[in-house]
Structures are given as C-alpha cells and as structure tokens.
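J.: Throw the hints in and build the complete structure from the sequences for me.
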Amino acid sequence: MHLLELLSFGPNGWGNQLLAGTWLTIRLALATLPFGLLLGLLMALAKRSRNRWWRAFGNAYTTIFRGLPELLTIFIVYFGGQIVLQKFVSLFSDAPVEINGFVAGMVALGVVFSAYASEVFLGAFNNITRGQYEAAYALGLRPWATLRLVIVPQLVRLALPGLANLWLILLKDTALVSVIALEDLLRKTQIAVRVTKEPFLFFGVACLIYLVLSMVSSIGIVAIERWANRGVRRAS
Amino acid sequence: MRIVKQAAIAALALMAVTGAVQAKEWKNIRVAVEGAFPPFNFVGADNQLGGFDVDIAKAICEKMKAECTFAVQDWDGLIPALQAGKFDTIISSMSITDERKKVIDFSRPYYQSPSSFIAPKSAGIKDTSPEALKGKTIGAQSSTVQAAELEQKYKDSDIKLYPTQDEVNLDLVAGRIDMLFVDKLPGLDWLKTADGGNFEFVGTDLPTDGVGAGVRQSDTDLRDQISEAIVAIKADGTYDKINAKYFPFSIWKD
Amino acid sequence: MNWDALATYGPRMLQGLVVTLQLVVISITLGALLAWPVALARMSRSRILRGISFGYMYFFRGTPLLAQTFLVYYGAGQFRPQLEAVGLWWLFRDAFFCCVLTFTLNTAAYQAEILRGAIRAVPIGQSEAAMSLGLNSRQIFRKIIVPQALLIALRPLGNEVILMIKGSSVAAIVTVFDLMGVTRLAYSRTFDFQVYLWAAVLYLIVVETIRRVWDKLEHYLTRHLRHA
Chain A
1 MHLLELLSFG PNGWGNQLLA GTWLTIRLAL ATLPFGLLLG LLMALAKRSR
51 NRWWRAFGNA YTTIFRGLPE LLTIFIVYFG GQIVLQKFVS LFSDAPVEIN
101 GFVAGMVALG VVFSAYASEV FLGAFNNITR GQYEAAYALG LRPWATLRLV
151 IVPQLVRLAL PGLANLWLIL LKDTALVSVI ALEDLLRKTQ IAVRVTKEPF
201 LFFGVACLIY LVLSMVSSIG IVAIERWANR GVRRAS
Chain B
1 MRIVKQAAIA ALALMAVTGA VQAKEWKNIR VAVEGAFPPF NFVGADNQLG
51 GFDVDIAKAI CEKMKAECTF AVQDWDGLIP ALQAGKFDTI ISSMSITDER
101 KKVIDFSRPY YQSPSSFIAP KSAGIKDTSP EALKGKTIGA QSSTVQAAEL
151 EQKYKDSDIK LYPTQDEVNL DLVAGRIDML FVDKLPGLDW LKTADGGNFE
201 FVGTDLPTDG VGAGVRQSDT DLRDQISEAI VAIKADGTYD KINAKYFPFS
251 IWKD
Chain C
1 MNWDALATYG PRMLQGLVVT LQLVVISITL GALLAWPVAL ARMSRSRILR
51 GISFGYMYFF RGTPLLAQTF LVYYGAGQFR PQLEAVGLWW LFRDAFFCCV
101 LTFTLNTAAY QAEILRGAIR AVPIGQSEAA MSLGLNSRQI FRKIIVPQAL
151 LIALRPLGNE VILMIKGSSV AAIVTVFDLM GVTRLAYSRT FDFQVYLWAA
201 VLYLIVVETI RRVWDKLEHY LTRHLRHA
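Protein chains in written order, with our numbering: chain A, 1 to 236; chain B, 1 to 254; chain C, 1 to 228.
No lab work stands behind these hints: they were computed from the structure.
Quantities reported herein were computed from a predicted structural model and do not represent experimental measurements.
Some hints could be false.
Stated by the list, open to error - With a straight-line cut-off of 25 Å between C-alpha atoms, the simulated SDA-like cross-links for lysine to any residue are: (1) B:Lys136 - C:Arg120; (2) B:Lys27 - A:Lys197; (3) B:Lys153 - C:Leu14; (4) A:Lys197 - B:Asp195.
Stated by the list, open to error - Which chain B residues face chain A? A few, computed with CB under 7 Å, are given here: (5) Pro39; (6) Ala84; (7) Gly85; (8) Asp240; (9) Ile242.
Said to hold, decoys possible - Output of the computed footprint for chain B on chain A, the stretches with three or more beta carbons under 8 Å from beta carbons of chain B: (10) 73-86; (11) 193-199.
Even glycine gets a Cβ: it sits at the ideal position worked out from N, Cα and C.
T.: Given below as structure tokens:
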C-alpha cells in the first residue's frame, strides 16, 4: 500500500512528477524529430553531391557523430555550444546568451539522429533506380515535379523502416539529457529516488514508462508503414 | 541554423535592453543552486526549492532590491554553466578554493564548515590520516573540496566520486563504500535521518576557507554588491534568523 | 593546447580507455554466450520459452541503458540484506560488476535479435538441400544454418560492438572511472573544455579502428562468395 501511495497522484505521490517528466521526454523527442530529419536529408544530399568538398563534409560529419558516445555529444553541445555562442555574441554585445537545456538537448540529439538518418536516406536514394528518373523525364515532368511526385513518395517508403528504428533509439537516448539538468522522465525519477529512497521501485517504473512509449510508437509506426505502402502490391 | 537565428534574435533583444544600463544595476539576478544538498539546498517533496543557501540568496536579493530567479543545475555543471552565462551567480554551498578562483570569483564567505569523515559506528575508526585509511573505499561528491582533498592526499585509498551527495549517502548505507568525506553541516543533518542512525563522525575534521557566492570574473560589481549584502543581512539580524532555522549554533565566518 | 592538463590527465584518460575496453570486451563476450539460448528460446516451439525470451528482449531493447544501469546499481543497493543472504553482495557492491551485468543483459538482448534475424534470413532451400542429402535436423542447424547465419550477422554484430563502446560511457555516472568518467573528473578539476575534445578523439580512434578491422574481417570471411 505504501509503495502504491508513492506512485499516486496525491500530495504524497510522485505520479504528477513522473507524468510531467514523461511529457517532457515526449516533447523533446517530438521536437528533435523534424530537426533531425531535415539535417539528415541535407547530409544525405551532401554525400550525394558532385562537389568533392560537400561529400567530404557529409562523410566526416557522419563518421564523427556516429562514432562519439551520445553522452559526450550532449556534453559537447551543451557546454561547448554555449561557449562558442557566447564568444560569437560577445563580438556584438556583452549581453549574456542562453541556450536553454531543451534546445541544447534537442540539438545534440538531433545531430546524432541526423548522422544515422543520412545513411538511411542515402540507402533509400540508392534504391531508386535511374529508370524512375528517366521515366519521369519521358513523361515530360519537370525536375521539381519529378522530385515531388516520383522520388519523394518512394524515398519515404524506402526510408521508413530505418527511420522508425531511429525514432525508437531517439526515444531512449532522451534519457541522457537528464545529465544536463533537463527535467525529463529519468531526472524526475532520480529526484523521487533521492527523497523516497526507493530506487528499485522508481527506476523500475521509469523503465516501464519507457517501454510503454516504445510500444505506443510501434503501433503508430505500423499504421504509418501501411499508409506509405498503400501503392505497393505484395508478391504474396 | 535555428540556434544561430535564435541567438541573433536574443542578442539583438538583449542589446536593446542592456545597451542603456551599462553600469549594471543588477535588477534581475539569476541564481543557480544544485538542489541536492540538504539542508543547504534541496528540492522538497512538494517540488519546491528550499534550504539555507536558498534563504540566504533570497535575503541577499532583497537587500540588493533585485528580483531573483532560481535555476537548478547539476553540481558538475555549475561552474561551466556560470561561465557560459546561463546564470549570474552560484549560491550553492560552494567552498572557496584556489582551483576555483582561477576560473571564477567569489563573494566574501557567507558560512564556514569543515570537512569531516563519516563511517559506520561498528567500524571503530579513530585515525583518519592517509596512512590509516590505506586500502579503504572512501566516497565523496565529485568536484567538491572533499573530492579534491581525497584525490590529492589519500592516494592509497580507493576513491569513489558521485554526481550528488545523496548518492554518496545511499552507497554508504548500502555498504559499497567504507566511509565518506563531506562538509560537516550536511553530514550532521544526514546523521539525524533514519538512514544515518548507524553512522558517526570519525577522526579529525579538516578546515576549509568558507563558502561564498560564485560569480564570473568579469562581474566584479556583482561580486562586491553581494559581499555588501551579506554583511548587511548579518548586521540587521536576517542572517541569524535564517541560521537559527537550520542550525542551533552560528556558522557565520568573520 | 593545455599541456599542463594533458600531462596530468592524459595518462589517466588512457587508463580510463583501458577500463572502457575491459567493460566492452567482457560484456560483449558474455552477451554473445547469453544471446544464443535467448535467440533459440525466441524461436522455440514452446510458447512459454518464446514468451519469456520475448519479454526479456522487449524490456532490454525498449528501455534506456542509463535507466537499466540505475535500476541494477541503486536497486541492488536497496536489496543488500537479501543479496548478502545468498552470498552475492560482494559482486553487486562493485560498480564495475554492476555495469558489466547490465551491459551483458542489454547486449545479449540485441545480439539475440540479430541472431534470430540472421537465422531466419538463411534461405529455406539451404535446409531443404541438406535434408535431401540425408543430414539430420541437428546437423543441418549446426553445419548449414549457423555458419551462414553468422556471416549474415557479422555486420550488425560489428555495429553492436560499436554501440556498446559508445553506450558504456554511462558507467561514468555510477562512479566507474572509464574514459568518460576520467574525462568528467578532469573537466571538473580544470574547467577546460578541451578535455572533452580529447575524449572525443580517443573514442573516434577506437570506433574507427574497430570499424575498419571489422570490414577487413568481413571481406576475408566472405571471400568464397565473391566470384559472380
């Protein structure tokens, strides 16, 4: 009974706190997604570029951010980004700048996400055959229409399984931002543990909440994949 | 791109505001605390910040006629975040040390407390010299005076460093460490809790230089104003009232 | 360059790197041993075995490694009397061991999923051909399926090793002085941001080395497939 009370939403319970943390975790992951996708697409385009320097840049970016521990990337963006930005702004004014933890976490997670996503996009691009472009050309489509009507729908379908996987990883990686004082689910849990001295209960519950988030995501992913594959006939 | 844009907007906005007040009256002070160091600063069960540091900070701001906003920041990140401009001052039981003075400035001390060892009553430890503690596992919070002291002098002991003091305490109770090294006052507070019942102070205390408010080295005006405010709240009795709320004896440092 | 800090903390960071590598090698090896029974249980005919291994894999793949590490490390601290009663406390007392345990359980779940996928990816014709040659099902599994599955699994397993190297940095948060732990210590003493960049270079060197060695290994092991 005592343990249940700790998890309740009442004045003695930590339910509200855990819920608030979960909400921040979800918001952070959702905010990171478009940023990471866009950056990933740009990096994939850079790696496909005819310009040697763009290619080198894209490859170096991928190598670095896929090779660094996510925890380290977060520290580097959080502290390093702040220092660089401060130096930059101090050229114009002595005003303090502040990147809030949420934005820093979003950028760090987005950078990691984009490094992996660029590889997924690259793989998808490579799977769209030359014939598709040629057929579109033969139909008289302009380049922009080709991209919008022929390439992107296929790209989305081909990249979706890989991106879905990255989303699940992103959801778990958000836990790392708890070390930069962002009040996400894991950090709220740590605060609860400090006060209640019930680590097993609270960390266990936190794990279960992450599990539920993964489960809900999986259901959503299945629905999206069905939608993306609506035009594809199955062999069996 | 997004950041750059945001930063540019922020910079422009701030330039507009601060351009007029170059002298810096410090109407708004952003105070950072760790929030995990009872009874000095902690997040209570109601999720509100409380503790000696927090009360002192509020009194200082009131004296300075400034608006205080509090930010909670992990201990390890306090100084980097101060330097990076995330807030203006650290009022979070940060001891004044030479190492820290290389990178930030401190106000005059607002309290003083020595460092002490805590061990299980059953262990019967009397001597806490480096020789006597050879081979023992000693815990402390990382980036504290205590951690630095252990690193420098207790080279033959196994040192374990934790992100927060609560975690050190938790592992002492669990028996993962033989003893811990901590600021005496929070130690005293912890010994009174249910968890602390089987433990005691052992050996000799080591003196420290007191605890001050940390500020960026460029903000000498803020540093001096905080120092003045500390003296002023001591003079008008506010300090003693706050002191009495937490400790039955004075922790003031002249 | 901050030479003072490099002289003081450089050697310690290399020691930390050794701790990181120990953590990873032990966890990956033990995880590989555990992954087999888990993968086989996942594909077994017994519904109970399937259920247990599904639950195990779902839990460890669906939750953050940092949360798992906290659960094991601080959770174990809470159950000290019980662990002492069964004579296991001396193991759980040690943060390094708690990390090895968590990482092993974690990587075993991922490796089991890789193995399962690889075994299923071996074309059915392979076992049909073996059956027509008169091999029994045990022989088919050991001599025909497993060798081919391992080749398929090679690349994802290499990725898993790299993920473990990166993931092992969470050990720093529970007092282990691995590369990340020493880096945090060095930063907290010097307040010099450079130390994070040094750590980044070390991690990149290790990860790139492993990636290249793995590519070579794959190239060598698949040499018989490369004529057509």
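J.: State for each hint whether it applies.
T.: The hints, checked one at a time:
1. A distance of roughly 52 Å separates the Cα atoms of B:Lys136 and C:Arg120; the hinted pair therefore is violated under the 25 Å criterion.
2. Distance hint between B:Lys27 and A:Lys197 is unfulfilled; the C-alpha atoms sit about 40 Å from each other, more than 25 Å.
3. This hinted pair checks out: B:Lys153 and C:Leu14 have alpha carbons roughly 22 Å apart, not beyond 25 Å.
4. Using a Cα cut-off of 25 Å, the hinted pair A:Lys197 and B:Asp195 holds, with the two alpha carbons roughly 9 Å apart.
5. With a least beta-carbon distance of about 14 Å to chain A, the hint placing B:Pro39 at the interface is violated under the 7 Å criterion.
6. Hint status for B:Ala84 relative to chain A: holds, with the closest Cβ pair at about 4 Å, below 7 Å.
7. Look at B:Gly85: its Cβ gets to within about 4 Å of chain A, closer than 7 Å, so that hint holds up.
8. Because the beta carbon of B:Asp240 sits about 29 Å from the nearest beta carbon in chain A, more than 7 Å, this interface hint is broken.
9. Here the hint on B:Ile242 is broken, as its CB sits about 23 Å from the closest CB of chain A, past 7 Å.
10. Coverage of the segment 73-86 of chain A by chain B holds. Counting CB-CB distances below 8 Å, 7 residues qualify, and the rule asks for three or more.
11. With a cut-off of 8 Å between beta carbons, the segment 193-199 of chain A has 4 residues touching chain B; three or more are needed, and the interface restraint holds.
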